[in-house]
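Could you build the full structure based on these sequences and the hints that come with them?
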Amino acid sequence: MAPDSDNNSPDWLEGLTPEEEPAEFNPESSDDPSWMNDSKGSDDAPDSSQGVVPDWLENIRQQEKSEEPEQDELPKSGSLSPEDKKDTANWLENIRTQYASDTGQLDASAIPEPVDPPSQDYMERVQTLKDQEQGSPPPAAPEAPSPAIEEQPSAEPPAEDPGWGDSPGVDLTSSSTPAGIWGDDPTEEPSAEDSSPDWLGGLPSIDSGELVDEVIQPAQDDQAQVPNWLQGMEPEDSADLPEAPGLDQAADQSPEWLAGFGDEPPPVPTPGIADIPNVEDPGLPESDEPAETPGGGLPNWLENLKFSPDDSRRHLEEGEAFAENYAQEDVSALLFEPDDLPDWLDDEDPDAPIEIKQPPARAEIAPPTETQVEDIAPAELPSWLQAMRPIEAVTEPDSEESEAPVYTGEKEKEGPLAGLSDVLPAETFVVSFSNKALPVTGFELSEAQQTYTKILKTMVDTETTSPPVKRRKMALPQKMLRWVISLLMMAAVFFGSWESSDTFTLPPAGIPDEETAVYNQIEAISPNSEVLVAFDYQPGFSGEMESAAYAVIDHLLHKNTSLSVVSTQPTGPDMATRFLNSKMSHHPAVSGIKYSNLGYIAGGAAGLRNFAANPRMAITPLNALGQNLWTQPPLNAIQNIQSYALVLVITDDPDVARSWVEQVQPYLDPSAAGTGTPLLMVVSAQAEPLVYPFYQSNPKQVSGIVSGVVGGAYYEVTYTGVTGKAGSANNYWFAYNIAILIAIALIGGISFINLFGVLFRSNKKPKQRGSA
Amino acid sequence: MKSKNKFSIQTPIAMIIAIVTGVTMLATYIWPMPGIQVTLLNWVTIMAAAALVIGVFNLVSVHGRRVIEGKNIVNSAALVIAMVAAFFIKFLDQDYLPAEWMLSYLIVPIESALMGVLVVSLAYAAVRLISKRPNLYSGIFITTVLFSLVANTALGLSIPIIGDTIKPFVTHVLASAGARGILIGVALGTITTGLRILMGADRPYGG
Chain U
71 MAPDSDNNSP DWLEGLTPEE EPAEFNPESS DDPSWMNDSK GSDDAPDSSQ
121 GVVPDWLENI RQQEKSEEPE QDELPKSGSL SPEDKKDTAN WLENIRTQYA
171 SDTGQLDASA IPEPVDPPSQ DYMERVQTLK DQEQGSPPPA APEAPSPAIE
221 EQPSAEPPAE DPGWGDSPGV DLTSSSTPAG IWGDDPTEEP SAEDSSPDWL
271 GGLPSIDSGE LVDEVIQPAQ DDQAQVPNWL QGMEPEDSAD LPEAPGLDQA
321 ADQSPEWLAG FGDEPPPVPT PGIADIPNVE DPGLPESDEP AETPGGGLPN
371 WLENLKFSPD DSRRHLEEGE AFAENYAQED VSALLFEPDD LPDWLDDEDP
421 DAPIEIKQPP ARAEIAPPTE TQVEDIAPAE LPSWLQAMRP IEAVTEPDSE
471 ESEAPVYTGE KEKEGPLAGL SDVLPAETFV VSFSNKALPV TGFELSEAQQ
521 TYTKILKTMV DTETTSPPVK RRKMALPQKM LRWVISLLMM AAVFFGSWES
571 SDTFTLPPAG IPDEETAVYN QIEAISPNSE VLVAFDYQPG FSGEMESAAY
621 AVIDHLLHKN TSLSVVSTQP TGPDMATRFL NSKMSHHPAV SGIKYSNLGY
671 IAGGAAGLRN FAANPRMAIT PLNALGQNLW TQPPLNAIQN IQSYALVLVI
721 TDDPDVARSW VEQVQPYLDP SAAGTGTPLL MVVSAQAEPL VYPFYQSNPK
771 QVSGIVSGVV GGAYYEVTYT GVTGKAGSAN NYWFAYNIAI LIAIALIGGI
821 SFINLFGVLF RSNKKPKQRG SA
Chain C
322 MKSKNKFSIQ TPIAMIIAIV TGVTMLATYI WPMPGIQVTL LNWVTIMAAA
372 ALVIGVFNLV SVHGRRVIEG KNIVNSAALV IAMVAAFFIK FLDQDYLPAE
422 WMLSYLIVPI ESALMGVLVV SLAYAAVRLI SKRPNLYSGI FITTVLFSLV
472 ANTALGLSIP IIGDTIKPFV THVLASAGAR GILIGVALGT ITTGLRILMG
522 ADRPYGG
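So the sequence lines, in the order shown, correspond to chains U and C.
Numbering follows our numbering, with no gaps: position 225 of the first sequence is 295.
Numbering follows our numbering, with no gaps: position 187 of the second sequence is 508.
It cannot be assumed that every hint is accurate.
[What the hints assert, rightly or not] Mimicking DSS-like on lysine-lysine, the simulated pairs with C-alpha atoms at most 30 angstroms apart in a straight line are: (1) C/K453 / U/K549; (2) U/K629 / U/K524; (3) U/K653 / U/K629; (4) C/K411 / U/K540; (5) U/K834 / U/K549; (6) C/K453 / U/K543; (7) C/K392 / C/K411; (8) U/K834 / C/K453; (9) U/K543 / U/K835; (10) U/K524 / U/K543; (11) U/K524 / U/K549; (12) C/K411 / U/K653; (13) U/K835 / C/K411; (14) U/K540 / C/K392; (15) U/K543 / U/K770; (16) C/K392 / U/K543; (17) U/K549 / U/K835.
Hints were generated in silico from the structure; no laboratory data involved.
Bear in mind that the values here come from a model prediction, so they are computed numbers and not experimental data.
Set out below in structure tokens:
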């Protein structure tokens, strides 16, 4: 909206200026529409204005006139007959009284009385106030202001202003309380004017009533007075519009868009408006108890607004039923786009008004009659709609379940939903990997089958719970026997370790061949050769294995070889270090750091294979300085496993020994001619039978074996003949023989006693049977 | 009983990887391909070492959780404390003295004591065998045990027939015969297991 270039004000604001005549209010102007004539309070209103009143309102008034012979005076209404005025004043008086009684803060006398017949219309009063502000006498103010304005400044709004008097368009008592219509006290106007800025001084003071007046006034003027921007909006064929029935000349002079209101039927109070029972406005009568006329009745048009408590309750029930049904509906159908709608829906007129029918309450749903059932054929439902039906619609609902919701789900135990049931049971589906058990219909279990089921269930349940270990009770003789065996064995070991004796000597000519082969292989290697030694035994077998390997390792170090230590056991490298530092510390090779601990080989048999294929890639050993041992002497000469002059495996596990034979030995002797690097083994006595076949093979996969303490003692005997020193096997030899002899005596002696006892009891029983 | 729902998309992928790897590894033995074989073996070694580390952490976490929850707190706390202490001792040790002390005075004596208890238990079981099961097999078993024990002593070795005839026959013929049978059975079992894995009939990797 472009402002005017002359006064910088839009055209529609020109009507607000006092100089222009169209802004002046003319109560007698016939340009006002008929509905505005009803709100006029001027007594000067010609009676001819009765013709403006629609027929329906005229009938109401006449009816009220007949029912209400005695009426109080009403505010001036040019469109009402005296009888109607009385009627209206009567029920309005009742409303005012009701308001006074409801608020309790304002007695009836404080409420402004209806203006007497000489009182002016509120629009005239507004015009008067405007003229007073402009310094010009009101053009049509024949009488003084009403007492409600001047003599009752105390008619202030109550302490709690309900606010209903601020809305002229809604309040029914607005006509009787002119001062309260606009919510402004005339006595306060000067102060408000003084506080206004200077630039507003040229403008007339505009209160709400005046603003309404000024806004409405241009619409009531002739066509020439319509603003320019409204003229453009005027329909050209306004003359072609059908003439509204019941409209008089004033209606003809009114703007076309306003004249259209005359065609519409009188507003009928809708249930939606009437169904506001909870409006807590003290200024309005309670909906359950509408104001009645003293004559004992309401006007008919107001009677329509009356509703009983039953009506309100019924509407509430209907609303609840509608909400409930709406919640139960599958609203996903509403999500379909128009293109997704089926063909049968395309037959509907898209321009047809949408009728929203309130569904009846559930209690009011009557079962369909036979004819209705026949009319609704199930085949008429499209398939997509049948698929969308909820399960409850297909299955027959249970009466008990339909009445009250049953929460059968488990309570959430984790997360923010902990403590709530039947909510988002996602965790159950996530954790459960098995199909959900489905009920099997038509399958009945007999009592015997149920019994078997319980037995099976009990058996399965007992499998999941480990039974408590029962402490086996042992007889006193058995306990004593166990203690005797333990004490004798320990005494023999301690005595043999404490007392060294030459009672038990090895036969000089009884050295086994496999041990002689080991000695020969070690003697065959050249001095300063690189030897790979695998310490693959558990710490619990350290006593036996160290006794067996002592002479062999000492022999290797005596040959001034460089040892490379490796292990497939996590504790192997430490056991090797412990053995060398404790048993072989006298050798300069150990003290001079002439052995290399390559560490642990991970991966079991595969790791061994990898190490045999490429030792440098399989293990990257570092010394204390962080240097790669493969780059330092003596390992810098090792390129592959064949670079070692000899490989010695010390193990108590036959499987580990077999892994070395199967995975490493082929790399030691690729030609399989027995000419490659020899593989020697120092094994426990328990592993000897499983390793010995590899020694017996041809060519030998294992070039020599030293097994157990006995094998170590034999090797020491042979080695002592070279070095003149006895090893740990010979140190333990006496204790070893004592302990074994004690064990033989206990096992053999007690077993022999038990054998005789068994034979004695078996011979005694036939005699007892024979005597019996 | 396997459920149908346990079959997932991971199963065929793992099976394909296992079969392809197994066939490739087998082919490297038939047609030597050192590069591929060593590469695959390196992967196996790395994964085995990683599995060991994961196992250690899992052990610490399980027992640490038990300590927090108060379940068998004494044993679990001892295990966790010992593992952490051993780790730091081994990690910070440069002279090997604390680690050697821990190995020599804790690990070796404890495991050796368990072996000593085993000796007493076996001796007691052998003593009770005749009274519990007085039959021929028990007699043969006890006789063999006594003969093996005697043959491994200086007394038995000094006896002419036992030391130079019976004892080698028992250990090198009878025992070796049984051991060879065991080794052949292990070899056949290994071949069968390998074929089942290569054919996908056996899936020890899951699925």
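**In rising order, the numbers of the hints this structure does not comply with** = 2, 4, 10, 11, 13, 15
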